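*Asks:* Each chain, written out:
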Amino acid sequence: MIRLLLSAKVKQYFGHVRRSPRSVFSLVTFYLLWTFVVGALALFLRFLGSSALGGVSGALEVLSLVTVTSMLGIGAFLGTRGGVTAFPYEVEFVLTSPVRPHVFLLSDLAFQVMLLSLYSVPSSLVAISVLTYPRHLAYLPTAALTYLTAILMAAMTSHLLGVSRAVVGERASRAMGWAVMGLVVLPVVLLAAGIDSPPWMAYHPVQALALLLAGDASRLPVVSLYLALLVAAYAVLSRARFYTAVSPLLMTVLMEPPRRMPRYLRIPGVLSASIGLVGRGGLWWTMYALHLTRISREGSLWTGAMVLAFLTLVNSAIPRLTGFGSFPRLAELSMVAMYTPLLPALLAINWNVSERRNTWYISVTGDALRSYVGTLSLSYLTVTVVFSGLLYALISLGAEEVPFLLVDSLLLFAMSSFGSLLSVAISVSSRVATSPLSLGSLLYVLFPMLGSALLSLPVVVVRVLYPAPDVVSPVLLAGLCVYVVSASALLWRVVTSSGPRYLREFQEP
Amino acid sequence: MIIEVRDLWKDFGEGPVVRGLSFTVEAGEVHGLLGPNGAGKTTTVKCVVGLLRPDRGAIRVAGREVPDDWTYKELLGYLPENPSLPEYLTVGEFLLLMGRLKGLEPREARDRAEEVAALFGVEAHWERLIHDLSKGTRQRVAFAAAVINSPKILVLDEPFNGLDPEAQRVAKVLMRETAKAGGAVLVSTHLLDSVERLCDRATILSSGRAVASGTISEILRRAGLDEGSTLEEAFINIVRGSRGRTG
Ligand SMILES: Nc1ncnc2c1ncn2[C@@H]1O[C@H](COP(=O)(O)OP(=O)(O)OP(=O)(O)O)[C@@H](O)[C@H]1O
Ligand SMILES: [Mg+2]
Chain A
1 MIRLLLSAKV
11 KQYFGHVRRS
21 PRSVFSLVTF
31 YLLWTFVVGA
41 LALFLRFLGS
51 SALGGVSGAL
61 EVLSLVTVTS
71 MLGIGAFLGT
81 RGGVTAFPYE
91 VEFVLTSPVR
101 PHVFLLSDLA
111 FQVMLLSLYS
121 VPSSLVAISV
131 LTYPRHLAYL
141 PTAALTYLTA
151 ILMAAMTSHL
161 LGVSRAVVGE
171 RASRAMGWAV
181 MGLVVLPVVL
191 LAAGIDSPPW
201 MAYHPVQALA
211 LLLAGDASRL
221 PVVSLYLALL
231 VAAYAVLSRA
241 RFYTAVSPLL
251 MTVLMEPPRR
261 MPRYLRIPGV
271 LSASIGLVGR
281 GGLWWTMYAL
291 HLTRISREGS
301 LWTGAMVLAF
311 LTLVNSAIPR
321 LTGFGSFPRL
331 AELSMVAMYT
341 PLLPALLAIN
351 WNVSERRNTW
361 YISVTGDALR
371 SYVGTLSLSY
381 LTVTVVFSGL
391 LYALISLGAE
401 EVPFLLVDSL
411 LLFAMSSFGS
421 LLSVAISVSS
431 RVATSPLSLG
441 SLLYVLFPML
451 GSALLSLPVV
461 VVRVLYPAPD
471 VVSPVLLAGL
481 CVYVVSASAL
491 LWRVVTSSGP
501 RYLREFQEP
Chain B
510 MIIEVRDLWK
520 DFGEGPVVRG
530 LSFTVEAGEV
540 HGLLGPNGAG
550 KTTTVKCVVG
560 LLRPDRGAIR
570 VAGREVPDDW
580 TYKELLGYLP
590 ENPSLPEYLT
600 VGEFLLLMGR
610 LKGLEPREAR
620 DRAEEVAALF
630 GVEAHWERLI
640 HDLSKGTRQR
650 VAFAAAVINS
660 PKILVLDEPF
670 NGLDPEAQRV
680 AKVLMRETAK
690 AGGAVLVSTH
700 LLDSVERLCD
710 RATILSSGRA
720 VASGTISEIL
730 RRAGLDEGST
740 LEEAFINIVR
750 GSRGRTG
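So the sequences go chain by chain: A and B. So the first sequence is numbered by this note's numbering: it starts at 1 and just counts up by one. So the second sequence is numbered by this note's numbering: it starts at 510 and just counts up by one.
If you're looking for bench data, these hints aren't it; they were derived computationally from the structure. All of these numbers come straight from a predicted model, not from anything done at the bench. Treat the hints with care, since some could be wrong.
Between beta-carbon pairs, the in silico distance windows are [to be verified]:
no., chain 1, residue 1, chain 2, residue 2, range
1, B, Met510, A, Asp367, 23 to 31 Å
2, A, Glu92, B, Glu623, 15 to 23 Å
3, A, Arg357, B, Ser726, 35 to 43 Å
4, B, Arg562, A, Cys481, 19 to 27 Å
5, B, Arg573, A, Arg370, 18 to 26 Å
6, B, Arg515, A, Val386, 30 to 38 Å
7, B, Glu623, A, Val91, 31 to 39 Å
8, B, Asp578, A, Ser97, 22 to 30 Å
9, B, Glu583, A, Trp284, 15 to 23 Å
10, B, Glu741, A, Trp285, 49 to 57 Å
Just so you know, even glycine gets a beta-carbon here, dropped at the ideal spot from N, CA and C.
Between the sequences and the hints, there should be enough to build the whole structure, so can you do that?
*Replies:* Next up, the structure:
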């Protein structure tokens, strides 16, 4: 029975791939690209690491800590969203069939472990090999095993939190999820803040797993203990009648159903006013208000912002530990800048999953598609600029002065602008991200991130190469501004002229 | 002639699902599009409203080429088979939005939104999110949105889906009135009793081809039945007959 449920799940998950061999090809390509990118990053880290204080083993330790934190963080995050990754068909047909709760749960556990491994194990193993070469053969077996343990723990955490909804109620379960997430990121936060971790931190599950992953075998008993505890809790809770608490998480993981959006998150005045203006402004304004309303009410904004903040936090730990103490400000800015396009990318994934099917009513009414696509990128841009600006301000709070304010702002704006336009381009012209956790989502994330990094290269070069702000002449700055604006304008033209063509011939997914 | 479909072909990659279909809808006419499941009704309707591009054939709506001359869209009201609505908007916001999209002025859009909401009995839901509505109420909202600009041409794909008898009545009256005012209505449905009373003419599709077309009594005659028989009997005879011929 478990195998039956699992194979149905896998078929559904890869459903769009079965339609054409071309999509198989493109997915495989992107998967390889992803692995390659991670490998390249590791290589980069290795060179930086060996020149900095921590050395290669320091870099390996940080990398392990970051991956374990992200893994368990994802687990806890899924947990706050309901934990069980059910498809709509499962909610409607499987849960109403005489399938025992723990059977369903185990099939989902296998699915989650499979999925997380598929995404992260090969690429992480590549990264570890790159970092530990030529001793990689000694590391790899333990690393693989530890990795799988981390994934299993993440999936079980997510399930435990999800199932606990049925026992303690949704609110308490969410609160627990947030608590667990806080606990998970604790070592990284300490690291990022530059606080020496107290000795008992070696018993912290994330820290212990990370040390084990980095080759410290003395952490094995601690990890085993945590695993045993988890399994025991799982065995008890999986008997609970949790079916009423299951929601189709796979679709909505990056969103909130509008009804459940807490009131205080709906940005009261501003946006309800803006949609109120729907009746008054012109078509472009109406469409712009429509997008902003959707983004704020369905909650993809908050999830995106959280993911962004989390990643920035996690990553600002890397330079600290590997000892680039000499230019941490640059590293922090580049983190904010690098991850900026992630926000429009997440918005684009959600758009593809939930909003593309609503474009029929735009297509059948006049020629509104152009303004629809145009304002879609404008709304992404608005949201992204605001959030990256906030993050940057937050990071700058600690610093006494912000010397590169102008160049930095330009860089953030460039990344936001290119990222937004590229996100709209990729999501409108392809329909591969059928759910937020699908392989196609990787494309939606990688394309804008790499693309806008490339397009922003001139600004990055100026920022990195110029030692002091007063060396950057106003002429150069103006030139960069002109470049960013005209490149954006060009992209905008392409997106608004060819985007509508893809939407016009509407087909249901 | 308000809607003219000539030699329409459409293939999704697994063989044609609409195969050389032709029919017309005249001014003042309610035209039924009938046929078994998978016959190609929805595909045809989507071609007519310009959501799908035909592989071959010509479609003219109000004298304009579909889908390239989009000006016909100002005259059009369309209700899809399973309307997917923006769940994060309230009923009022959605109706206003549709009014603006159809080119109404802001004041006019508000007045019409309130009118159609009252017509379909959803004014009590004005402030509620579409996400929270029942299936039938959503269908009412979608129908109200389709007619917000008092369209001359109505294209409706299984419009009675989920509607209660009262709302069905409203829908039927609206279709008749549109036709009486010189407009045209193309309606795909499986409710043959309604078709008998509502439609002036009908086309029966089977495997993407028109197997019968004309007034109800012409269709009865075509099925070899007399005036007292029902459309249901005629439908079953004709569809079985066509399957026998094509194998
Ligand atoms: N996007 C699509 N891709 C592939 N095949 C499709 C697609 N849309 C429709 N079809 C196929 O086209 C045929 C006609 O479908 P259509 O939806 O037009 O039927 P219908 O007459 O509306 O049926 P029903 O009464 O069930 O609504 C079916 O065989 C269907 O499988
Ligand atoms: Mg249909």
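*Asks:* All the hints need checking, so say for each whether the structure fits it.
*Replies:* Hint by hint, here is what the structure shows:
The hinted range of 23 to 31 Å is satisfied by B:Met510 and A:Asp367, whose Cβ atoms lie roughly 25 Å apart. At about 36 Å, the CB distance of A:Glu92 to B:Glu623 disagrees with the hint of 15 to 23 Å. In this structure the hint that A:Arg357 and B:Ser726 lie 35 to 43 Å apart at CB holds, the actual value being about 41 Å. In this structure the hint that B:Arg562 and A:Cys481 lie 19 to 27 Å apart at CB is violated, the actual value being about 42 Å.
Checked against the hint of 18 to 26 Å, the C-beta distance between B:Arg573 and A:Arg370 comes to roughly 19 Å, which is consistent with it. One distance hint, 30 to 38 Å for the beta-carbon pair B:Arg515 and A:Val386, is violated here, with the actual separation near 53 Å. Between B:Glu623 and A:Val91, the C-beta spacing of about 37 Å keeps the proposed range 31 to 39 Å intact. Look at B:Asp578 against A:Ser97: about 51 Å separates their beta carbons, and that is not inside 22 to 30 Å.
Roughly 19 Å separates the CB atoms of B:Glu583 and A:Trp284, a value that falls within the hinted 15 to 23 Å. Roughly 51 Å separates the CB atoms of B:Glu741 and A:Trp285, a value that falls within the hinted 49 to 57 Å.
Of the numbered hints given earlier, the model fails hints 2, 4, 6 and 8; all others are met.
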